[in-house]
Amino acid sequence: MIKNREVSITTWILVAFCIINIFFLVTGKLGFDAKGLGIITAVAFTLAMYSFLYKDNPVFKIAENLFVGVAMGYWIIITWFNILKPDVFETLIVPFFNDTGNAPQYIVIIPTLLGIFMLLRFSTKLSWLSRWSFAFVVGLGAGITIPNFIHAFILKQLSFDLLITSNILDNINTFLILLGVVSVLIYFFFSMEHKGVIGGVSKIGVWYLMIAFGASFGFTVMARMSLLIGRIQFLVRDWLGLIQ
Amino acid sequence: MDRLLGIDRRIIFIFVAAAITIPLIIRFELPVPATKDVKGIYDKINSLPDDSHILISFDYDPASKEELQPMAIALLHHCFRKNVKVIGMTLNPGGSGLADKAITEAGEEYNKKYKEDYVFLGYKTGVELVMINMGENIYSAFPNDFNGNPTADLPVLKGVQSLHDFDYVIDLASGSSIEAWIAFAKEKYKFDLGAGCTAVISPDMYPFLQSDQLNGLMSGLKGAAEYETLINRKSSAVAGMSPQSAVHVLVVLFILFGNTLYFLSGRKK
Amino acid sequence: MNKILLTFILSILVLHNTSTAFAVGGNKLVPPSDFQAFDTPNDDGRSISLRWPSSPSESTEVEYVVYVSIRKSGPFNTEVLRINSNTMYKEGSDSNFHYVEIKPELFFNKESVVTGGKPDYFFKLFMMSDIENVAIKNIASATPKGNWFNWKKLNNFIILIAFSTLVLLFIEHAKKNPNLYLRKISGLDAIDEALGRATEMGKPVLFVHGLNGMGSISTIAAVNILGKIAIRVAEYDTTLKVSNIDPIVLSVSQEVIKESYLEAGRPDAYVEDNVFMAASEQFPYVAAVSGIMLREKPAANFFMGYFYAESLILAETGAATGAIQIAATDSYTQLPFFITTCDYTLIGEELYAASAYLSREPLLLGSLRAQDIGKGIIIAVLVLGAVLATFGIDFISLILKAG
Amino acid sequence: MNFFKRTIPLIIAFVMGVLMAFQYYVPHEASQSLLKIVTRWGITIAGFAVFIGVYSLFHLHWNKIKRKLPGWGYSIFVFFGAGITVAFGLYNGGEFFWNDKQQGTMFDWMYFNVQVPAGATMFSILAFFMASAAYRTFRARTSEATILLVAAVIVMLGRVPVGTLLWESLPPIADWIMSVPNMAAKRGILIGVSIGAIATSLKIIFGIERAYLGGGD
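Protein chains in written order, with the working numbering: chain A, 2 to 245; chain B, 279 to 547; chain C, -9 to 393; chain D, 10 to 226.
Isolated chain A (complex conformation) (with noise of 0.2 Å):
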């Protein structure tokens, strides 16, 4: 019963789709030509993703498991024109066979390999090879990790500033920042028991800590609401064509 009405509520919504977008393309508010059935498509797609909504159905999981396709191919061919071909196949590569007065750089063969060997990953017998890799990779990035961060998050974050001077209001916000910072790194010391003065002082990091996430709060419902209005603008503006 319930099916039966889903059914015949789907067909109804396709055959208005059908009927807006043909009437726009025969009146010419939107072209035959890539860019009116772009548009057209892109309308399906959003539209297929906010069936959503009404709830979890089958022209959803379509739309979006055609998304992911087409995303990780678009991330493929995307890796290829801009990191594989310059870096690898036209250095290393093309010099090889074809003389293209640059000598190949045998140099890239190191990268080279070690990037295959971490796809070797997926084999059972040579998936060793791959730690190789990534002790590589997790390994550099641990070392320039750790003095950068010192440097940038650590020293450069410790401010020293005076709290007395001859601005109350400034004061009160120095002193409201010191409280904060302490506090907060209090509340998340573990090697000793939140009580009496550390207790209390934690409490604080906690207040702390609910303003800073009502303030996450409030920006990332202005955040969702952004990508809602982007969205129906493109609907209303691009598509519909009801205002500019």
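Hints in this document: simulated from the structure, not taken from any laboratory. Certain hints may be false.
Among the chain B residues that face chain C by a calculated CB cut under 10 Å, a handful are [what the hints assert, rightly or not]:
| # | residue |
| --- | --- |
| 1 | Leu282 |
| 2 | Gly284 |
| 3 | Arg287 |
| 4 | Gln439 |
| 5 | Glu465 |
| 6 | Ile479 |
| 7 | Pro481 |
| 8 | Asp482 |
Pairwise CB distance ranges, derived in the manner of DEER restraints [claimed, not checked]:
| # | chain 1 | residue 1 | chain 2 | residue 2 | range |
| --- | --- | --- | --- | --- | --- |
| 9 | B | Arg359 | A | Thr125 | 58 to 66 Å |
| 10 | C | Glu190 | A | Leu241 | 32 to 40 Å |
| 11 | C | Pro257 | B | Leu282 | 47 to 55 Å |
| 12 | B | Asp490 | A | Gly197 | 33 to 41 Å |
| 13 | B | Ser325 | A | Gly197 | 51 to 59 Å |
Computed cross-link-like contacts, EDC-like style, restricted to lysine to aspartate or glutamate with a CA-CA straight-line distance of at most 16 Å [what the hints assert, rightly or not]:
| # | chain 1 | residue 1 | chain 2 | residue 2 |
| --- | --- | --- | --- | --- |
| 14 | A | Lys56 | B | Asp286 |
| 15 | B | Lys317 | D | Glu38 |
| 16 | B | Lys360 | B | Glu307 |
| 17 | C | Lys80 | C | Asp34 |
| 18 | A | Lys4 | A | Asp57 |
| 19 | C | Lys142 | B | Asp443 |
| 20 | B | Lys322 | B | Asp445 |
| 21 | D | Lys45 | C | Asp34 |
| 22 | B | Lys468 | C | Asp34 |
| 23 | C | Lys218 | C | Glu245 |
| 24 | A | Lys204 | D | Asp184 |
| 25 | C | Lys93 | D | Glu153 |
| 26 | C | Lys218 | C | Asp179 |
| 27 | C | Lys193 | C | Glu286 |
| 28 | C | Lys218 | C | Glu249 |
| 29 | C | Lys135 | D | Glu38 |
| 30 | B | Lys436 | B | Asp286 |
| 31 | C | Lys391 | B | Glu465 |
| 32 | C | Lys174 | A | Glu194 |
| 33 | B | Lys390 | B | Glu465 |
| 34 | B | Lys314 | D | Glu153 |
| 35 | B | Lys468 | C | Asp33 |
| 36 | C | Lys142 | C | Asp34 |
| 37 | C | Lys391 | A | Asp162 |
| 38 | A | Lys157 | B | Glu465 |
| 39 | C | Lys218 | C | Glu351 |
| 40 | B | Lys468 | C | Glu91 |
Every residue gets a Cβ at the ideal spot worked out from N, C-alpha and C, and that includes glycine.
Place chains B, C and D on chain A using the hints.
Okay, now just chains B, C and D, sitting in the frame of chain A:
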């Protein structure tokens, strides 16, 4: 009362859709004064002399397009008006098409020439590795641009050897790339850094604003709208502010209403 | 570079001159009394520092210009610097000295520079106004040298060494003494309470993994906690359902739960199908897990690991079914939604602490303790530094200055 | 064999980690060249990571199809979407993939009219769920949650143009919340998280943390 709380969520969905669509169609304008953080970026670009080099990293993908693309476009318009040389890049593969489109369209509008006045270097992976490599030598990180042109003889890059040579760098981010730009590039190679990001991550950026590790920040569609106001080119972001206001009021009303009912019904679960 | 710089400087000059051409009248320029060049310390060997004392006739209309040559006898016709005479003072010199760093090799073609080793560079300083140019008598010279340690970063280096030692020491210490003190995490009591309630009600317990794979610390911590939950569940004889999005996390979870049931002496009660792949993509995962919540109405929901945008929908659906909900995540952007929709939430590092607390693994315990000491030092430094700075002693901010 | 499978990776990670950490303190040209070469290699290696993503995704969906798991039919669309995108990308508007990337090909069309709208719409769905959660579940159950919600409401209203119309002081209060309590808490979190990241990096360098090597010894 329970029935009021237990209404089908799809009714609420309709409220949201209406709160956004109606203000969009009716169009009423609200003032969008620029905040100090957005003005930081605007003033910096305004202070740059002609032919300065500005690097914009488009580190977002379609999922954040509606927040960051208006920002990118407003920024590009400002740069091209100021005759600043624009160098674009991305660390997000999904962002390369959007970045290429924004930069090319804005450039063409101001009759700027590709390769001479602006260039899009394309995508590289490895985040901090790319930044450090660019910090040492930008031609090593990007031997070719997005269209395959060798970068070594691009006129637009003349005078730029590494990140240090850029007069300004802006990161448009939907993820954690701003932190990476600060730690591995700005602090290491010393240049001025500004950022634009989705509203989700912008509260986390305030420590960097206070420590001057960022000299400006645009957050979300609101930040883009402020920038559009500053450069006096009101477009989709400013148009989005009236529905944004309406829907925020709606959400706040929902929270107040829901909590009132909750307390009236004796806070039971 | 050269050309652009030159045209740029010229353009400024032209603009500048039109407005101020008549401003300076007849005053003789007094050149600086000294001019020094030396290898820039703490650098890669490309730059040379120039320093000279200020002169009384500095103003916006007067410029300093520096020329470079690779021979002492000249010719000095390569301009490397042109600045307004009242700019670029040496930091902290109270405007008594000018200080600039120059990379001379940028101004010479590779071929013209003597090959083999770094050449000596010779600099000549001029003071210029619209009416007259004066040169400083002495020609300064220096050779750029690369340095092997950046002394400005000494504090950073000491922190690195000290913190490494701390981490290694405490991990060793924790291996010998796994009962290292760790404060109780309040959310952990709530887990027992939730399991008890589920047993009373005879309803299942749902454990929802985050989206990240086994490579993420949050997932490892979540699996550790899951193992402990599974022991209790086996003892209470309740049903535990675990939803996964990653196949590797799935198989690890199955192993861990099987072991927990064995440990509780109830290997027969383990049902492999209760630990399942709910979906492989974010939104289908939401849909599948929400479906389970609505159909089976679990008495308790646990959300542990790293979550993204799906957290909101999951926690909201769970709250609507009236389950006790406990969340633990280090994904700070999602925490606000867990806090407002769940009964207990472990915030950020509390997730790791909880997993260390429960598993007593020396690796986790030791590094947690080392981190705590790091935090303790920072707290002390912050408070002490602010107090001292208020009284005019900036000793702490000086030693911790980021180089 | 254990030497190749276990010891060598640990040595590589240790050597790379120590070398790169110390490199930071050495300004000499030699150390800069090392940094340049090693990061350049890292970029190339990371480029191959795309295939790991490809394999994981395809393997997952291929298994679904092979085992006829529930909803396996939808997995076909993943292959279909990826297949035509890659085909158009390789065809490259008639220039084929060994030439430079062409503009305005069917590959770009697929991106702008499938990936962009679908991707952009995906997270905007949450706008609706957020509103419904606001109505049904965001409750001031505890004093903590109350503080959170109050701050959220102020920020939400203070950051949009309508805030000024409701109450003039709303935007300044919202700005104060952002730049004082929010800033302080976020700085505390940042410092704590950075210490954690440094500790993790140290454990990786010293071979104590080996999760990245994958399971099995």
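Hints and how they fare:
Using the Cβ-Cβ criterion of 10 Å, the hint placing Leu282/B at the interface with chain C is not satisfied: the shortest such distance is roughly 14 Å. With a least beta-carbon distance of about 9 Å to chain C, the hint placing Gly284/B at the interface is held under the 10 Å criterion. For the restraint placing Arg287/B at the interface with chain C, the shortest Cβ-Cβ distance is roughly 9 Å, inside the 10 Å limit, so the hint holds. Evaluation of the Gln439/B hint against chain C yields a held restraint, the C-beta minimum of about 8 Å falling below 10 Å.
At a threshold of 10 Å, the smallest CB-CB gap from Glu465/B to chain C is about 8 Å, leaving the interface hint in force. Interface restraint check for Ile479/B: the shortest CB-CB distance to chain C comes to about 7 Å, inside 10 Å, so the restraint holds. With its C-beta approaching chain C no nearer than about 9 Å, Pro481/B sits inside the 10 Å limit, and its interface hint holds. Interface restraint check: Asp482/B against chain C, minimum CB-CB distance 7 Å, threshold 10 Å, status holds.
For Arg359/B and Thr125/A, the Cβ-Cβ distance of about 59 Å falls inside the hinted range of 58 to 66 Å, so the restraint holds. For Glu190/C and Leu241/A, the Cβ-Cβ distance of about 55 Å falls outside the hinted range of 32 to 40 Å, so the restraint is violated. A hinted range of 47 to 55 Å holds for the C-beta pair Pro257/C and Leu282/B, which are about 49 Å apart. A hinted range of 33 to 41 Å for the beta carbons of Asp490/B and Gly197/A is consistent with their spacing of about 37 Å.
One distance hint, 51 to 59 Å for the beta-carbon pair Ser325/B and Gly197/A, holds here, with the actual separation near 53 Å. Restraint check for Lys56/A and Asp286/B: the C-alpha separation of about 12 Å stays at or below 16 Å, so the hint holds. The hinted pair formed by Lys317/B and Glu38/D fails the criterion: a straight-line CA distance of about 39 Å is larger than 16 Å. Restraint check: the Cα-Cα separation between Lys360/B and Glu307/B comes to about 28 Å, which exceeds 16 Å; the hinted pair is violated.
Of the supplied pair hints, the one linking Lys80/C and Asp34/C is violated, its CA atoms being roughly 21 Å apart against a limit of 16 Å. Distance restraint check for Lys4/A and Asp57/A: the Cα-Cα separation of roughly 13 Å lies within the 16 Å cut-off, and the hinted pair is therefore satisfied. Only pairs whose Cα atoms come within 16 Å are accepted, and Lys142/C paired with Asp443/B is rejected, the gap being roughly 22 Å. At most 16 Å may separate the alpha-carbon atoms for a hinted pair to count; Lys322/B and Asp445/B meet this at roughly 9 Å.
For the hint pairing Lys45/D with Asp34/C, the CA-to-CA distance comes to about 13 Å; that is within 16 Å, so the pair holds. Restraint check: the Cα-Cα separation between Lys468/B and Asp34/C comes to about 15 Å, which is no more than 16 Å; the hinted pair holds. Restraint check for Lys218/C and Glu245/C: the C-alpha separation of about 13 Å stays at or below 16 Å, so the hint holds. About 24 Å separates the Cα atoms of Lys204/A and Asp184/D, which puts this hinted pair outside 16 Å; it is violated.
With a C-alpha separation of about 57 Å, the suggested pair Lys93/C and Glu153/D falls outside the 16 Å cut-off, and the hint is violated. Only pairs whose Cα atoms come within 16 Å are accepted, and Lys218/C paired with Asp179/C is accepted, the gap being roughly 13 Å. For the suggested pair Lys193/C and Glu286/C, the alpha carbons sit about 8 Å apart, so the restraint of at most 16 Å is met. For the hint pairing Lys218/C with Glu249/C, the CA-to-CA distance comes to about 10 Å; that is within 16 Å, so the pair holds.
Pair hint Lys135/C plus Glu38/D holds up; C-alpha atoms about 9 Å apart against a cutoff of 16 Å. At roughly 61 Å between alpha-carbon atoms, Lys436/B and Asp286/B are farther apart than 16 Å, so this suggested pair is violated. A distance of roughly 13 Å separates the Cα atoms of Lys391/C and Glu465/B; the hinted pair therefore holds under the 16 Å criterion. Among the hinted pairs, Lys174/C with Glu194/A is consistent with the structure: their alpha-carbon atoms are about 8 Å apart, no more than 16 Å.
Proposed proximity of Lys390/B and Glu465/B is contradicted: the alpha carbons are some 32 Å apart, above 16 Å. Taken as a hint, the Lys314/B and Glu153/D pair is broken in the structure, with Cα atoms around 30 Å apart against an allowance of 16 Å. Distance check on the hinted pair: Lys468/B and Asp33/C sit about 14 Å apart at the alpha-carbon level, within 16 Å; holds. For the proposed pair Lys142/C and Asp34/C, the alpha carbon gap of about 14 Å is at most 16 Å, so the pair holds.
Taking the CA atoms of Lys391/C and Asp162/A, the gap is near 13 Å; set against the 16 Å cutoff, the hint holds. Proximity of Lys157/A to Glu465/B is assessed by CA-CA distance (about 9 Å); at most 16 Å being required, the pair is judged to hold. In summary, the hint linking Lys218/C to Glu351/C is supported, as the alpha carbons are separated by about 13 Å, within the 16 Å threshold. A threshold of 16 Å between alpha carbons decides the hint, and for Lys468/B with Glu91/C the separation of about 14 Å falls inside it, so the pair holds.
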